[in-house]
Amino acid sequence: MKQDTLYQYILGIADNSLILGQRLGELCGHGPTLETDIAITNISLDLIGQTRSYYQYAAGLSDEGITEDDIAFLRKEREYRNVLLVEQPNTHFGYVMVRQFFFDVFHLLFLKELQQSADETLVAIANKAVKEVGYHQRFSSDWIKRLGDGTEESHQKVQEAVNDLWRYTDELFYMTEADKAMFNNDIGVDLSHLKDTYYETITTVLSDATLAVPDNTYFQKGGKDGIHTEHMGYLLSDLQYMQRTYPNMNW
Amino acid sequence: MSDAEVKNLEALFEARIARDEKIEPKDWMPEKYRKTHIRQISQHAHSEIVGMLPEGNWITRAPSLRRKAALLAKVQDEAGHGLYLYAACETLGISREELYEQLHSGKAKYSSIFNYPTLTWADMGAIGWLVDGAAIINQVPLCNTSFGPYARAMVRVCKEESFHQRQGYEIMLTLCNGTEEQKAMAQDALNRWWWPSLMMFGPTDAESTHTEQSMKWKLKRKTNDELRQQFVDQTAPQADILGITIPDPELKFNEDTGHYDFGPIDWDEFWQVVKGHGPCNKERLEARVNAWEGGAWVRDAAMAYAEKQEHKKVAKAS
Chain B
1 MKQDTLYQYI LGIADNSLIL GQRLGELCGH GPTLETDIAI TNISLDLIGQ TRSYYQYAAG
61 LSDEGITEDD IAFLRKEREY RNVLLVEQPN THFGYVMVRQ FFFDVFHLLF LKELQQSADE
121 TLVAIANKAV KEVGYHQRFS SDWIKRLGDG TEESHQKVQE AVNDLWRYTD ELFYMTEADK
181 AMFNNDIGVD LSHLKDTYYE TITTVLSDAT LAVPDNTYFQ KGGKDGIHTE HMGYLLSDLQ
241 YMQRTYPNMN W
Chain L
1 MSDAEVKNLE ALFEARIARD EKIEPKDWMP EKYRKTHIRQ ISQHAHSEIV GMLPEGNWIT
61 RAPSLRRKAA LLAKVQDEAG HGLYLYAACE TLGISREELY EQLHSGKAKY SSIFNYPTLT
121 WADMGAIGWL VDGAAIINQV PLCNTSFGPY ARAMVRVCKE ESFHQRQGYE IMLTLCNGTE
181 EQKAMAQDAL NRWWWPSLMM FGPTDAESTH TEQSMKWKLK RKTNDELRQQ FVDQTAPQAD
241 ILGITIPDPE LKFNEDTGHY DFGPIDWDEF WQVVKGHGPC NKERLEARVN AWEGGAWVRD
301 AAMAYAEKQE HKKVAKAS
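Here the protein sequences come in this chain order: B and L. Using this note's numbering, the first residue of the first sequence is number 1, and each one after it goes up by one. Using this note's numbering, the first residue of the second sequence is number 1, and each one after it goes up by one.
Since the hints were made in silico from the structure, they are not lab data. Note that beta-carbon positions come from the ideal geometry of N, C-alpha and C, so glycine has one too. Errors might be hidden in some of the hints.
Computed cross-link-like contacts, SDA-like style, restricted to lysine to any residue with a CA-CA straight-line distance of at most 25 Å [to be verified]:
(1) K312(L) x L27(B)
(2) K107(L) x I43(B)
(3) K308(L) x T36(B)
(4) K159(L) x I43(B)
(5) K316(L) x T151(B)
(6) K316(L) x V205(B)
(7) K313(L) x D149(B)
(8) K313(L) x N163(B)
(9) K312(L) x D208(B)
(10) K109(L) x T36(B)
(11) K109(L) x I43(B)
(12) K313(L) x T210(B)
(13) K308(L) x T203(B)
(14) K109(L) x H30(B)
(15) K131(B) x A73(L)
(16) K128(B) x R66(L)
(17) K159(L) x T36(B)
(18) K76(B) x T120(L)
Ranges of calculated distance between the beta carbons of each label pair, as one might list FRET restraints [unchecked claim]:
(19) E153(B) x E212(L): 45 to 55 Å
(20) G106(L) x Y135(B): 33 to 43 Å
(21) K282(L) x T245(B): 24 to 34 Å
(22) E153(B) x E286(L): 16 to 26 Å
Please model the entire structure based on the sequences and the hints provided.
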C-alpha cells in the first residue's frame, strides 16, 4: 500500500468511534429515561457516522479494493487499534457516562487539533465531527455532575466508575509509530501536547461534581497496538456475526 | 354541574366533532372521551417504546455500517414517537410515571406484534415492510382525528413511519436480489411475520368492542376488517415484486370484488398473545421494567441535583 502509515493512522482514530458506537448501540431501548435513551442513541449514531467517513477515506487509500465494511467487520482482534477505554462494558449508567466523559474530553481536544492537519480530508471530517463531539462532551459532563452531586447512591456509583476507568485514561496520549510519523508530516496530532489540558478539564468537572480525582498512577495500555482486554472478543463476535457467517454478500 | 348542564355540554361537544373541529386539552370533554384517548394514545406510546426492543436486538449485529446507522436512527425515531405520544397523553391529565406504571403492571396493552422474536437480519426488513406498513394504514386516518395533540403527533409519526417502511422494503429487496441463502432468509421472515401483521388490525369487526364509539369520535375512520383488507391488497403485489411467497394458500386476487381473498386468521394465537402468553411477552415487559427500575437511581440523582441547583440559585438571590 502506497500510504500505509496514513491508513494505519486513520484506523487508529476511527476504531475508537466504531467500538464506542457499538458499545452505546447495546443500550438502545434500555435507558433510564426515554430522553437519555434518545441522546445515547444519537451519540452512537454520530460515532458510527464518523467511523464511516474515516473508513471510506482509508478504503480509498488501499489498493486492495476494500470497502468501509471490510475494514469495520473483517479484521482480527489484534488489528483493531482502539484504546482500551472505549471497549469497556456498560456495567451501569455511571460507567457509561464516565467512559463517555473520559473519551469525549480527549476526543474534542483531538479533533480541534486535527482541524489544523495538512490533510484536507481529515480536516473536513474533523470540522463536522467537532460540532457533534462538543455536544457529546456537554451531555456527559452534565451527567457526571448530576450523578456526582446527586444522591449518596449515585455519588458512590459514579465514583466507583471513575476509579475503575481511570487506569485507561493515560493510553489516550500514547503515540504509536503511525501517530509519530503522521505528526512529523504535519498530518497527525501531537497527543502528548493534549495531556495537561485533558487532565485539567477532567479535574475541574470531577471537582464540580464533588468527586475525588483518583491518585492511581498505574495505567493500562495496549489497545492501540492491538492488545485488548477480554471484553473485546465478545464485542467483536456481535459486531462481525453477519459478515463472518455470510461472507461475500451485499446487505 | 347538573345532569341537564352536562347533557348540554355533551351536545355542544358532539356538534364540534361533527363539524371536524379539533378538541384541545383545555376544552371541556366527556370523561369517557378523555379515558378512551388516554387508553389509545398510551397504548400507542407503549407500542413505540416496546417496539424498540425487537429491532434494538439487531443493532450490534447489523451486517454493514450503513445498515447499523439506519437501524439506530430508526429505533431512535421510535423513541421520539414514544416521547411525543406520552406528551400528548399527559395533556389529558395523567403523568408519564402513571402511564409507565400501567405498562409495567400489565394493565395497559401495547401492540402484540412486538411479542414475536427477531431471529435473523431479514426480520429487520420484514418488520419495516410489514409491521410499519400495517402501522401506517392504521395511523394515517389518525392524522385527522378529533383530539388536536394526538392528530398533530400523528402527522409527524406517519411521515417517519413511511420512511421506515421504504427502508424495510429495501432491505427485503436487497436480500431477494442476493444469494439463495439471503433469499431464503427473506422468505423465512415473511413466513413468520405475515400472520402476526394481519393480526395488528385487531379482532374482526364482529368481535371489536371499541369500534362504534371510536368511529363516532373520529378516533377511527375505517373498521378493522376494512383496514386489514387494504393492507393485504397493498402488500400482495409487493411480495410478487420481491419474488417471495405469502404463506397463505388461499390468497388470491378476486376479479369480482377487486380485492385479494385470504385465508382464516388463527384467532386463538391472537388472543393467546394479547393475554400475555406470546413468545416474548415476558421478555419485553421484563426489559422495560428492568430499564425503569435499574434507572431509578439515575432519575433520583437528576432530581436531587436539580433541587440543589435551585437552592443555590435562591440562596444567591437572597
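message = Between the alpha carbons of K316(L) and V205(B), is the straight-line distance 25 Å or under?
response = Holds, because 21 Å separates the two Cα atoms, which is no more than 25 Å.
task = Sort out whether T36(B) lies within 25 Å of K109(L), counting only the CA atoms.
result = With a Cα-Cα distance of about 24 Å, the restraint between K109(L) and T36(B) holds, given a limit of 25 Å.
query = Taking only the CA atoms, is the gap from K128(B) to R66(L) under or equal to 25 Å?
reply = holds (18 Å)
query = Does the Cβ-Cβ separation between E153(B) and E212(L) fall within 45 to 55 Å?
reply = About 51 Å separates the Cβ atoms of E153(B) and E212(L), which means 45 to 55 Å holds.
ask   = If you draw a straight line from the CA of K313(L) to the CA of T210(B), is it 25 Å or shorter?
value = Given pair K313(L), T210(B) holds - Cα atoms ~18 Å apart, limit 25 Å.
message = Hint check: K109(L) vs H30(B), CA-CA at most 25 Å. Holds or violated?
response = Holds, at roughly 19 Å.
request  = Given the range 16 to 26 Å, decide if the beta-carbon distance of E153(B) to E286(L) lies inside it.
outcome  = For E286(L) against E153(B), whose Cβ atoms are near 23 Å apart, the range 16 to 26 Å holds.
ask   = Can the restraint linking K312(L) and D208(B) be considered satisfied, given a maximum Cα separation of 25 Å?
value = holds (14 Å)
message = Holds or violated: K109(L) and I43(B), Cα atoms, limit 25 Å.
response = violated (31 Å)
ask   = Can the restraint linking K131(B) and A73(L) be considered satisfied, given a maximum Cα separation of 25 Å?
value = Satisfied, since the Cα-Cα distance of roughly 19 Å is no more than 25 Å.
key: Satisfaction of hint between T36(B) and K308(L), Cα-Cα up to 25 Å   = Roughly 21 Å between the alpha carbons, so the hint for K308(L) and T36(B) holds.
key: Pair hint K313(L) and D149(B), alpha-carbon separation not exceeding 25 Å   = Given that 25 Å is the threshold and the Cα spacing comes to 16 Å, the pair holds.
Violation of the numbered hints given earlier is confined to hints 1, 2, 8 and 11; the remaining hints are satisfied by the structure.
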